[in-house]
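Q: Residue numbers (my numbering), protein chains in the order written: chain A, 1 to 475; chain Y, 1 to 416; chain W, 1 to 121.
To be clear, the hints were calculated from the coordinates, so they are not data collected in a lab.
Where is the CB? At the ideal position from N, CA and C, for every residue including glycine.
Please note: incorrect hints may appear among the correct ones.
Unchecked claim - With a straight-line cut-off of 25 Å between C-alpha atoms, the simulated DSS-like cross-links for lysine-lysine are:
#1 A:Lys273 - A:Lys443
#2 A:Lys470 - Y:Lys271
#3 A:Lys392 - A:Lys376
#4 W:Lys43 - A:Lys470
#5 Y:Lys151 - A:Lys464
#6 Y:Lys37 - W:Lys65
#7 Y:Lys154 - A:Lys171
#8 Y:Lys382 - Y:Lys317
#9 Y:Lys318 - Y:Lys382
#10 Y:Lys180 - W:Lys85
#11 W:Lys85 - W:Lys65
#12 A:Lys273 - Y:Lys151
#13 A:Lys388 - A:Lys367
#14 A:Lys443 - A:Lys470
#15 A:Lys443 - Y:Lys271
#16 A:Lys233 - A:Lys185
#17 A:Lys273 - A:Lys246
#18 A:Lys450 - Y:Lys271
#19 Y:Lys154 - A:Lys376
#20 A:Lys288 - Y:Lys151
#21 Y:Lys154 - Y:Lys180
#22 A:Lys171 - A:Lys215
#23 A:Lys233 - A:Lys217
#24 W:Lys77 - Y:Lys154
#25 Y:Lys180 - W:Lys65
#26 A:Lys470 - Y:Lys96
Unchecked claim - FRET-style restraints, in silico, Cβ to Cβ:
#27 Y:Glu410 - W:Ile36: 33 to 43 Å
#28 A:Leu452 - Y:Asp88: 51 to 61 Å
#29 Y:Thr100 - A:Ala316: 13 to 23 Å
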Amino acid sequence: MKDVVIIGGGIVGCAIAMELSKYKVNTVVLEKNAEVGMEATKANSGIVHAGFDCALGSLKARFNVRGNQLFDQLAKDLSIPFRKNGAFVLAFSENDENRLQEIFDRGVANGVPHLEILKKEQILKMEPYLSQEVAYALHAPTSGITFGYEATLAFGELAALNGVDFHFETKVCGIAKIENGYEVKTNNGSFTSRVVINAAGTYSDEISNLINEKKYKIRPRKGEYLLLDTTAKYIVDKTVFQLPSKMGKGILVAPTFHDNILVGPSANDIEDKEDKSTDIETLQNNIKTARISIPEIPVHMVITSFSGLRATEATASDFVVEETHPGFINTVGINSPGLTAAPAIGEYIRDIVTERLQPDPNPDFIKNREGIKFLKGLSLDEQNALIKTNSKYGNIVCRCESITEGEVSAAINRPIGAKTMDGVKFRSRAGTGRCQGGFCTLKVLEILSKELEIDVSRITKFGKNSFILKYEGSQ
Amino acid sequence: MKKIDLIIIGGGPAGLSAAIKAREEGIQDILVVERNKILGGILNQCIHNGFGLHVFKEELTGPEYAHKLIERAKELQIPFLLETMVLDITPQKQVKLLSTNGVETIEARAIILAMGCRERPRGAINIPGDRPSGIFSAGTAQELVNMRGLKIGKTAVIVGSGDIGLIMARRLTLEGMDVKAVVELMPFSGGLRRNIAQCLDDFNIPLHLSHTVTKIVGKERLESIIIAAVDENRNPIPETERLIECDTLLFSVGLIPESELAKAAGVALDKRTNGAIVDNNLQTTVEGIFSCGNTLHVHDLVDDVTFEAYEAAVSAKKYLQNNTKSPTTVNVPVVVSGGVRYAVPQNITDISQELKLKFRVGAIYEGANVNVFFDNEQVYSKTKKILTPGEMEIVTLSADIIAKLQNVKEIRIDVK
Amino acid sequence: MTIRQEFICIACPIGCSLIATKEGGNISVAGNRCRIGIQYAIKEMTDPRRVLTTSVRVYNGGNYKMMSVKTAEDIPKDKMLPCLKEIKKLDLQGCYNVGDILIEDVLCTGVNVVATRGVVL
């Protein structure tokens, strides 16, 4: 019998796994996809929110502010890309000043440090491409940007380095109470454990409903984004919000950690949890709304659009984090600011679990995790040294991002290694540039085939039947 | 730091042609840098015929055209580096190279940019829908099929009727795939007419002009797409929507010059071509850096690329010989008006030679007049039966006419 | 009897719109800009032909490389797919040069299938 089964390998599941790996707790993570973080996590904006807009006294406020505090150290320890670029909430008329003041007050009450309200001249001095119509802005210097997928990997890999087992393409279909614990049934056999943690994101309702009386319903809130080429990075350095609405934080314009510009997300409640499509009207509306903040968004620099589903619970306005039965812990409705909150949720749940299991600390706990070594950004001498030890770094794969076979191969051979094209893309950034994989698709296919020792026709984009080539074995 | 007279970046048709001409012109110290394992660039995957009528006076396939250039380059003992990527070029013409041997910087006295172009990705045109597998740019599909012999699917639709899209429609059909349609947003094809005849008509593949894909359907592998006719503003007409089942979708929606290195070197770019701004010596705004082929502007015919590369090589020779900027006698900008979308070169600096003004129109013109003005004086006029955006046009102005540029403020090319 | 057919000339990138008219044994061609257009239209009307290009695997040990090939001249249009099948049957190993004959007189067309790219292993 395991000590803990975590259902879901997104940012929340991985953060919990990492926290539990600090103890002598025998943990497994069950992930239905072929890679970690392939649902809401991968479509995250990467913003590490300051925490000014969460309702006072809510779990969101608590975990957001705590999560934001934790990110600095985590970034250092786990090689997570992180930069505190600061955020603006823009107000365009004198009337909006009151609403801005409300947010300011709430932020202060939530414990967000260094908030200030700035006037037009100060704002435009900091961000010259913002609309001349701007009147006031709330400035939150603790707001940051990370790369959500890398953060998830970092948490997951640290957990894996400290002994947590990850089972991929393992979908939970039943949970039964047994003596001293639970039996979790999957397509890959059963797992028994003393504690079960539901971190299933968009599917957290279905997992919870397998065992709990109280029924949840996740009503995914779709967010569609446009991604601009890095050459557009001049337009903004801070994360720029407009005043929030009932549906969320509204359309933002923000740099990503890798110097692209994000425009979005939209917010539409939908029924289908697999619906990650984008549509023209929504994307056009993103641009239209974003132009209120930054009138000259260079639309011709759009390189891709994508969407993700926030795991929004139909009636809950706050995160649901609860122990519903002894040893069954739910995280339900972890929508925004889920990424920022994840490390704090991890801590919180770790405390519930250790309270129950009373485990010893893990004396061999490995505290640091190295990321993939990237050639780009190193000094000339460092580059030459790297190529000398590993000549794969001299073989370019992705021209747009200057990614070599070294990074791609490393992505596949990590503690949690890539098994799919998307897995390689998210880890190594090969295929994320201007040409969107035009030049490197074949190269990545062949490296995956070689490293995983499987035929190219079996390589998928993201698991299941998402074969890149014609696969005779599929229907 | 190692120094070389002329570094040519790219070993495709433009780079090879430039290298050959440069050596023939007497430049001894040349280096061609190619990122792939083999020379020849994109020609290697263009296994169809139709190349070389003008340069070699015979109809060749892409690999044969490349082979002829490579053989000539070898004959001339032109040094080249394979599997070597140029990471950076500085305005001082220091070229940073990456290979399995490490990173090395070489200083060039002159550089010819010949990096070719890349395909416009799907995201850039924002086709909505799912994000399944089975979606390729036409060039990627061409590489998978022709260079690796891989099967990419069973049934396909091709978006965009540029030449690569048309060629791939035939290619996939020959490889046993069922190509259901080619869908083109514009009311005309972006490809050569002969390719519509021999790639689509020969195989009864329908071409839907003024149509677009309104949705991509498929959670894992592509399952189907929805297409619709578009109105004159290119907006889809909802009542015309219909579903086509397919597991493969190819995008052939245009090419863009590879300009990252030009940008790094401080070369000014033309927003219309996305390539460098050049004078009539094909010199960019950075002294001693020349540009030719698809990295300068996208060409339809490789023969034109070769000729342009020859010009760049001759200019580089002159530059190296004078050890200074090419003799600037004037500085006359070329402006476009009427139906002209772009023209290359963008500036005239040298009035000692004839001028080949290359241009493209933005829409189809039948029976249109192509006029060239020196300020208000008309110096060239010709009626063209048909002008299409898919075909680059060349206006040649003789050295006698160019000599008149001395006191001219601008050259204007116009289509009406 | 008069037969009138329209073609797009594939002889060069211009792609002239040709109109071929057959009256008795005579074929007249209009719309062409050069002599090749006349030849093309007559051929297209009486004996349509195409050059076939494809690529084939060349094996060496466990690995393969792709080699591009073509029919050295155009072949009857209706022989394209049968010829393609013949080419697919090839079992190639070792090294090849551009122009090497891979199939002589493919399907009695009088045309050879030749390599258009060399393969060095």
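Q: All hints are to be evaluated individually against the structure, with a verdict given for each.
A: Here is what the structure says about each hint:
no.	hint	result
1	A:Lys273 - A:Lys443	32 Å, violated
2	A:Lys470 - Y:Lys271	39 Å, violated
3	A:Lys392 - A:Lys376	14 Å, holds
4	W:Lys43 - A:Lys470	38 Å, violated
5	Y:Lys151 - A:Lys464	19 Å, holds
6	Y:Lys37 - W:Lys65	13 Å, holds
7	Y:Lys154 - A:Lys171	30 Å, violated
8	Y:Lys382 - Y:Lys317	34 Å, violated
9	Y:Lys318 - Y:Lys382	33 Å, violated
10	Y:Lys180 - W:Lys85	22 Å, holds
11	W:Lys85 - W:Lys65	19 Å, holds
12	A:Lys273 - Y:Lys151	32 Å, violated
13	A:Lys388 - A:Lys367	29 Å, violated
14	A:Lys443 - A:Lys470	17 Å, holds
15	A:Lys443 - Y:Lys271	31 Å, violated
16	A:Lys233 - A:Lys185	47 Å, violated
17	A:Lys273 - A:Lys246	21 Å, holds
18	A:Lys450 - Y:Lys271	41 Å, violated
19	Y:Lys154 - A:Lys376	39 Å, violated
20	A:Lys288 - Y:Lys151	42 Å, violated
21	Y:Lys154 - Y:Lys180	11 Å, holds
22	A:Lys171 - A:Lys215	20 Å, holds
23	A:Lys233 - A:Lys217	39 Å, violated
24	W:Lys77 - Y:Lys154	24 Å, holds
25	Y:Lys180 - W:Lys65	30 Å, violated
26	A:Lys470 - Y:Lys96	39 Å, violated
27	Y:Glu410 - W:Ile36: 33 to 43 Å	40 Å, holds
28	A:Leu452 - Y:Asp88: 51 to 61 Å	33 Å, violated
29	Y:Thr100 - A:Ala316: 13 to 23 Å	55 Å, violated
Hint compliance for this structure: hints 1, 2, 4, 7, 8, 9, 12, 13, 15, 16, 18, 19, 20, 23, 25, 26, 28, 29 are not met, and every other hint is.
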